[in-house]
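With the hints as constraints, model all of the structure from the sequences given.
Residue strings, one per chain:
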Amino acid sequence: MRGLTKLESTLIILLIIVAIVGGYGWLLAQQKPTSIETPEQTTPPTTEETTPPTEEITPQPKQVIQNITFVDSAGRYITVKWPLKRVVALSTDAAEVILTLGAEDVVVGVTEYITRKPELSKLTDRTLVGTCFKPNIEAIISTNPEVVITYVRWPSQEALEEKLEPLGIKVIRLDFYKISTLFNEVRLLGLLLNKTEEADRFVEFWKGILDEIQARVKKIPAEERVKVYIEGYKDYKAAGPGSGWDDDLRIAGGINIFADSPVAYPKVSPEAVIERNPDVIIKAVSTSVFQPYKATDPSPLKEIIQAIVSRPGWDQISAVQNGRVYVISGVLSSGPRAVVGICYIAKWLYPQVFADINPEDIHKQYLETFLGVEYSGIWAYPT
Amino acid sequence: MTGKYRITTRKIFILLLLIFLIPIFLLTSISIGFYKTSLYDIFSVVQHKICGFLGLNNNGQINSRLAAIVWDIRLPRALMALIAGVGLAIAGTTLQGVLRNPLVSPFTIGISSGASFGAALAIVLGIGITGFSVYMVVINAFVFSLIAVSLTLGIARIKGLSQESIILSGIAVMYLFSALVTFLQYIAHEHDLKTLVYWIMGDLAFSNWKRVSIVSPIVIICLVLFKFAWDLNVLAMGDEVAKSSGTEPGTVRLICTVLASLITASIVCMTGPIGFIGLVSPHIARLIIGSDYRYSMFCSALIGALILIAADTAARVITAPTELPVGVLTAFLGVPLFLHLLLRSRREVWR
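Residue numbers (numbering that gives the first Met the number 0), protein chains in the order written: chain A, 0 to 382; chain B, 0 to 350.
Bear in mind the hints are in silico, worked out from the structure with no lab data behind them. A hint or two may mislead.
Claimed, not checked - Short, incomplete list of chain A residues facing chain B, as computed with Cβ under 7 Å:
hint, residue
1, 130
2, 135
3, 195
What the hints assert, rightly or not - Here are some chain A residues the structure puts well away from chain B; computed CB gaps all over 12 Å:
hint, residue
4, 67
5, 104
6, 126
7, 128
8, 137
9, 161
10, 166
11, 206
12, 214
13, 218
14, 234
15, 236
16, 276
17, 298
18, 322
19, 357
Idealized CB from N, CA, C, for every residue including glycine.
Right, dumping it as structure tokens:
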């Protein structure tokens, strides 16, 4: 009898599992598949460009579909139909650049971080295809894109290209987060989307500001350069070489006190900061701690500064003694808006040199003319 | 005699039932996902593909996107879950048998941390054993998991391959490689860190036909291990008894451990270390079918496959379009089943 009971219980459990899994499957099977049809094959491509593109491509009559071949930031030759009509953006930076180019209509799929950014709210109704680091391939395919745009390194090729390329979906890898490659990448994307004028406007706007800052920084003599401690989201996680903040700081003419770190985000000891005695302390705040857009109350940022100032022994640091402790939103560290972050930093480091530069105005101008959203919120403190 | 006969019949009945469940689970897994598909769609795609493969006349057009999702994305993934579940469960059963320890899993002898270290090298530093970038993670993980196991067995050999020496040296090697992984995590770029963490939690999303075909030969190794089921039964009675009945414990232990490691390394390098299956499937099998390895090994393989297919399906569906790590789901599905069986059972499985 005992054996029978055991057998029964086993059977019951297995049947329950089957019932749950199977029932769910049956329910799904009952629903008619949502009609996402493969689009009719349009007229076959008539011309084909095999050389890397030049900017002279002139828009052709609408019926003609051209192919265009270019090199992405991962160094690969890619051929796509020109101009791009259906794009899945995996990275927030790519999504933001597409918006600034006025091409939001081509975006058919976005990832979770994009929908969480209120400045990119024009894209929240697009199909969600997972996160940038763990995209859902089925969801990507279901949006029927021509291309997927993502970072050079993330997600891995085995997670993306290996699955999508057999289906004819091209993966374009453009970073958009490094200031050194940003402008070329924006120009390339502008070309692919047939938005070259918008891309030029974008590049001119930022490059003008960036050149001005660099020209003024160049004139600051070495002995007047300011020593800076930049801290990432976690306490005592400094921004070392290779991090976005370090790049920003270098352009703004600051000396990173942890420039000798072998690691991008080293965990430093509080003593080392006291010993290296920075003139300015800058703390990056993540959007999960403080959502800058539409924020009106700066008190959470005040508390963060208070916590840094009251770290044991830090009253010995000259930045603390002189009240030069600042917080800035991580949104401004890299990506299309890195120049805004650089403006803030430059102004904090050399208030006299950059007295006439107003980071808030620049940011406002960018949000309103390029992204087409209202400027509001608190992006840095104190300003 | 009749009593024994009845018990054997019962065991075969359970095995048949489990075998019957496999296609049901597979079909369910293939039918569910972000892209809505009906059972009819599944059958039409499969029929279309098989007809095409055999060169028969295909009548009727088929939605190419539907075909891609069912045939190129879901089917290889479900098959990978099947193979990985079978392989991990058999490796676990074998190792628990040869090492006579219920807490052993394929990961106890250092495989998962070795594989994680190899993957971390590729992901964080871009260092590969080979230059070929797409499979860098896979090849690194495979090579380093074998390095870890060789290290474990090499150390254990000095002490004559006793079960304690294998377990203890395995734990030492595991901690060594875990420390190395932690170090790489420390120096990693935050985006790489995310990729690495996903990998370490185990993930079947990388499955495709090529990978399935690379992994499928491990089924043959599994069949070889079935041959050792009787040796495991003898070994369960102790080294002395085993010796007197003609089984050399050291040799069996070495061969079985090496084969189990090969199976696990081949799976883990493709999927990342999916926990729990290799540890608990053998126990579940023992609880429902008894501790005779000739039956429990087969049963454990089926249980492992069922749990992993179900877990992967759940991982894909619960938070769609994002995915949960499959390792979390294997535990969520497996632990209640395991605890139930454990509490219901009046048998002392590990004497």
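| With a cut-off of 7 Å, does the beta carbon of residue 195 (chain A) approach a beta carbon of chain B closely enough for the hint to hold? | violated, 30 Å
| query | Per the stated criterion, does the least C-beta distance between residue 276 (chain A) and chain B lie above 12 Å, as a non-interface residue requires? | reply | holds, 26 Å
| task | Against chain B, does residue 234 (chain A) hold up as non-interface, every C-beta pair farther apart than 12 Å? | result | Holds, because the least Cβ-Cβ distance between residue 234 (chain A) and chain B comes to about 16 Å, which exceeds 12 Å.
| said: If we take the beta carbon of residue 128 (chain A), is the closest beta carbon in chain B still more than 12 Å away? | reply: violated, 6 Å
| task | Confirm or reject the statement that residue 166 (chain A) sits farther than 12 Å, beta carbon to beta carbon, from all of chain B. | result | Residue 166 (chain A) is in fact no farther than 12 Å from some Cβ atom of chain B, at 5 Å.
| task | Have a go at the residue 130 (chain A) hint: is there a Cβ in chain B nearer than 7 Å to its own Cβ? | result | holds, 6 Å
| field | Cβ separation check - residue 206 (chain A) to all of chain B, threshold 12 Å | value | Fine: 26 Å to the nearest Cβ keeps residue 206 (chain A) off the interface.
| Given as non-interface: residue 67 (chain A), partner chain B, CB spacing beyond 12 Å | holds, 24 Å
| task | Quick one: work out the minimum CB distance from residue 137 (chain A) to chain B and report holds if it exceeds 12 Å, violated otherwise. | result | violated, 4 Å
| message | So residue 298 (chain A) supposedly isn't at the interface. Is its beta-carbon more than 12 Å from every beta-carbon in chain B? | response | At about 28 Å from chain B, residue 298 (chain A) clears the 12 Å cut-off, so the statement holds.
| said: According to the definition I'm using, a residue is off the interface if its beta carbon is farther than 12 Å from all beta carbons of the partner; does residue 236 (chain A) meet that for chain B? | reply: violated, 10 Å
| task | Would you assess whether residue 218 (chain A), listed as outside the interface, keeps its beta-carbon beyond 12 Å of every beta-carbon in chain B? | result | holds, 34 Å
Hint compliance for this structure: hints 3, 6, 7, 8, 9, 10 and 15 are not met, and every other hint is.
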